[in-house]
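Asks: The residues making up each chain are set out below.
There are 2 protein chains.
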Amino acid sequence: MVDCIIIGSGVAGISAALTLQANRKSFLIFGSASLSEKIEKAEKIHNYPGLSDISGKDFATALQTQLKTAEIEIKEEKVAGVYALKEGFALLTQGGEQYQSRTVILACGVESIKQIEGEERFVGRGVSYCATCDGFLYKGKTIAVVCTTKRLEHEIGYLADFAEKVYLIPMYKNVEIDRENVTIIRKMPTKIEGNTRVENLVFAAPPADNIPKDLPVNGVFMLRESVSPAVLVGGLETENGHVIVKRDMSTNLVGCYAAGDCTGRPYQYAKAVGEGNIAAHAVSEFLK
Amino acid sequence: MVDCIIIGSGVAGISAALTLQANRKSFLIFGSASLSEKIEKAEKIHNYPGLSDISGKDFATALQTQLKTAEIEIKEEKVAGVYALKEGFALLTQGGEQYQSRTVILACGVESIKQIEGEERFVGRGVSYCATCDGFLYKGKTIAVVCTTKRLEHEIGYLADFAEKVYLIPMYKNVEIDRENVTIIRKMPTKIEGNTRVENLVFAAPPADNIPKDLPVNGVFMLRESVSPAVLVGGLETENGHVIVKRDMSTNLVGCYAAGDCTGRPYQYAKAVGEGNIAAHAVSEFLK
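Protein chains in written order, with numbering that gives the first Met the number 0: chain A, 0 to 287; chain B, 0 to 287.
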């Protein structure tokens, strides 16, 4: 059991990791070794103290170098969920691995893409965030896949192996999926409908000539870079999609902290860095 | 009238300034052009994201370069006090200048030196933080001067011009004051005593052969790099010397925000940078 598990490798997660290391705490950090997509995409960062007008790419490189020097390795396994145990937490990966920790710091960022109406209602009843966890459930069935980033494109192929028919709604350019049973739709759905389970993916208007406005599907996969914190951690209190935190970054769950964009605006590097630092110090205090 | 006055040129103040500039707000920043003494003194900073194992000196240089590039100039006038007006705030400098602003961000840091017992009780009744403001009041009198930093040594000379007798308690090395009416004491006093005004500076034991344990003085000057926020801004709510802030860095005074060490632990660059950023965004929101 480690002292802390950090979920997210944006600047908030990295800030927390560096500070936990300085405080000699054991930890694991889950995320992408290429760090947050948001960092790389930033054109110029004007207001990060110490790095004058740095490009997002250079900032990402500086952070990667710093992690390498500090010998901090990012675990690239995707997190399926975090569960509070009698003491501490268990983290399950989408690959089925389990890790345990005394505390958790959520630094999972915020999706700029809004949830679709009905999405939360049908989680576990046709709505899934994890191809490798739930893909086999849809063998021979019809599914829709909303994919927000090219990075997750490989998961679509995985789903197409099981499902008979896949309607893909990609939110990125240069789609490279070429499978007979995959139909690409370039319109966003407005809601998910059904009685006890998902039955239809609904569009404002027919999204293509031979695709109806109410598209019958057995399941909807939402493939996003980050899962909403409330979905990730059961019982976590949120407001408008943001984790509710106190000044020390503690959440309503004892031992669970949050930092960075997932706690709300401003969505800024400096703010995320500060919150990661505070959360790591609060964890160190808590472990006493 | 400017949109905001920032008090303090440590990383919290600089972070706030860079973000206010990005948000196109007008502002003044008061502090030391050589920035915070604390930054320079840091041997190695291990946990500031983006700058791997940087020395305090190099960090200070990077910040100075960044301010220069951004054309942000630090006003070196010492702040005597901040007063809430019907709308906005007035700032008075120790030199008697007045500035007005719609909002204030306190980023004045925290003194590692504790207050002396009785200090707060006698503020304005024998205890002063400002040589140029109150020095003339002690013409021909006996005063004690507690000076925490070499940077303020010139103020001692100024006081020695007025007072008949100065007992200097320096908290730094290489004292270069050579005046007939100045006696150096190398012990810290334990308290300030008196009835309605300061009467004695009290030591645990006689601090020198011919200096009594209860030293009669008419006034005590506390020359510190930073003044306690509660002394600086009347009516500001503090707890254990720290400004009480909400998640958006707002204080109990409308339009007055605080960031960095003055809001409490952890005393860390990353935390200060984050809070400066949040405060600047809150100010921008407030000005709408």
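Since the hints were derived computationally from the structure, they do not count as laboratory data.
Do not rely on the hints blindly, as some may be mistaken.
When chains are identical, the list treats them as one kind, so a pair holds in a single copy or across two.
Stated by the list, open to error - Within a straight-line C-alpha distance of at most 27 Å, the following computed BS3-like cross-link-like pairs (lysine-lysine) qualify:
1. K67 / K85
2. K56 / K43
3. K212 / K24
4. K172 / K113
5. K245 / K164
6. K287 / K43
7. K172 / K287
8. K56 / K212
9. K40 / K24
10. K24 / K43
11. K287 / K113
12. K67 / K56
13. K140 / K24
14. K212 / K40
15. K149 / K37
16. K190 / K74
17. K212 / K245
18. K74 / K138
19. K190 / K40
20. K85 / K186
21. K138 / K245
Asks: Does each hint hold? Answer for all of them.
Replies: Status of each hint after checking the structure:
In this assembly of identical chains, K67 and K85 lie within 27 Å of each other by CA distance neither inside one copy nor across copies; the values are 35 Å within and 54 Å between. Taking the closest pair of Cα atoms, K56 and K43 come within 27 Å of each other both inside a single copy (9 Å) and across two copies (25 Å). Taking CA atoms no more than 27 Å apart as the test, K212 paired with K24 passes in neither setting, with 53 Å inside one copy and 48 Å between copies. Taking CA atoms no more than 27 Å apart as the test, K172 paired with K113 passes inside one copy only; the shortest distance there is 19 Å, against 60 Å between copies.
In this assembly of identical chains, K245 and K164 lie within 27 Å of each other by CA distance neither inside one copy nor across copies; the values are 46 Å within and 51 Å between. For the identical chains of this complex, K287 and K43 are inter-copy neighbours only, at 26 Å across copies versus 40 Å inside a copy, given an alpha-carbon limit of 27 Å. In the homo-oligomer, the alpha carbons of K172 and K287 never lie at most 27 Å apart, since the shortest distance is 49 Å inside one protomer and 37 Å across protomers. Proximity of K56 to K212 under the C-alpha cut-off of 27 Å is found in neither arrangement, the shortest distances being 41 Å within a copy and 63 Å between copies.
Proximity of K40 and K24 under a CA criterion of 27 Å is satisfied inter-copy only: 26 Å between copies versus 32 Å inside one chain copy. In this assembly of identical chains, the alpha carbons of K24 and K43 lie at most 27 Å apart only when taken from different copies (19 Å versus 34 Å within one copy). Taking identical chains as interchangeable, the C-alpha atoms of K287 and K113 lie at most 27 Å apart only when they sit on different chains, with a minimum of 26 Å there against 39 Å within one chain. For a Cα distance limit of 27 Å, the shortest separation of K67 from K56 qualifies both inside one copy, at 17 Å, and across copies, at 23 Å.
Neither within a single protomer nor between protomers do K140 and K24 lie at most 27 Å apart by alpha-carbon distance, with minima of 47 Å and 56 Å respectively. Taking the shortest Cα distances, K212 and K40 never come within 27 Å of each other, neither inside one copy (34 Å) nor across copies (66 Å). In the homo-oligomer, the alpha carbons of K149 and K37 lie at most 27 Å apart inside one protomer (14 Å), although the nearest pairing across protomers, at 45 Å, exceeds that limit. In the homo-oligomer, the alpha carbons of K190 and K74 never lie at most 27 Å apart, since the shortest distance is 34 Å inside one protomer and 56 Å across protomers.
Taking the shortest alpha-carbon separations for K212 and K245, neither the intra-copy value of 44 Å nor the inter-copy value of 47 Å comes in at or below 27 Å. Taking the shortest alpha-carbon separations for K74 and K138, neither the intra-copy value of 30 Å nor the inter-copy value of 69 Å comes in at or below 27 Å. In this homomeric assembly, K190 and K40 never come within 27 Å of each other (Cα to Cα): the closest approach is 29 Å inside a single copy and 57 Å across copies. Neither within a single protomer nor between protomers do K85 and K186 lie at most 27 Å apart by alpha-carbon distance, with minima of 45 Å and 53 Å respectively.
Taking the shortest Cα distances, K138 and K245 never come within 27 Å of each other, neither inside one copy (45 Å) nor across copies (51 Å).
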